[in-house]
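Can you make the complete structure from the sequences, with help from the hints?
Counting in UniProt numbering, the sequence shown runs from 1 upward without gaps.
Derived from the structure by calculation, the hints contain no laboratory data. No false leads were mixed into what you were given.
Pairs of lysine-lysine residues, derived as BS3-like cross-links and limited to a Cα-Cα distance of at most 27 Å, are as follows:
no., residue 1, residue 2
1, Lys131, Lys69
2, Lys121, Lys131
3, Lys13, Lys62
4, Lys129, Lys13
Here are the in silico distance ranges between beta carbons for each label pair:
no., residue 1, residue 2, range
5, Lys129, Gly153, 15 to 25 Å
6, Asn46, Leu24, 48 to 58 Å
7, His50, Val142, 51 to 61 Å
8, Gly132, Gly92, 19 to 29 Å
Idealized CB from N, CA, C, for every residue including glycine.
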Amino acid sequence: MAEVSEFVAFRFKVNLYNSDQSSLLCSGYFSEVTGFEATMEPKVINEGGHNWGEHHRSGPTKFAPIILKRGVTDINDLWSWFDITTRQANYGYRLSGEIIVFGNPSVSGGSVTDNAVLVWKLSGVLPTKFKGPDLSATASQVAIEELQLVHQGLELQRPAPASTQGRGTA
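Pasting the structure below:
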């Protein structure tokens, strides 16, 4: 019977690389990541003399923006990337990215290991909106910053379970 992975809240990491993925530019854990959505709009073709129904062909795929949220830190990487892309004449500075979703950690030999259960790969990532925290002296919640990203492609990878890694296949 296949082992079922549980998805635990707040257990995901975002890595952003330069476009050829040779340098890691930003890496961090986020409190919320939304926007994993791809929609294909089919092309409808009507055939002459065929009055019952229509033919559907694959059309263009559209991707929803990915929204990253995290507590404000003293690291300026997200703001810097948005600023470089929008204001500092580096129009269209695109990155590649991956969002790693972890399951329950495993414990072996006294050490704790994160188990990646899903990895979303993004290509052609571009920041389109940066939202700073709402500031209120009377608020008790954590200050949250938000970055909205558009991208040119989304791919889902499922890593091999930790129990089968390193084994040959029959």
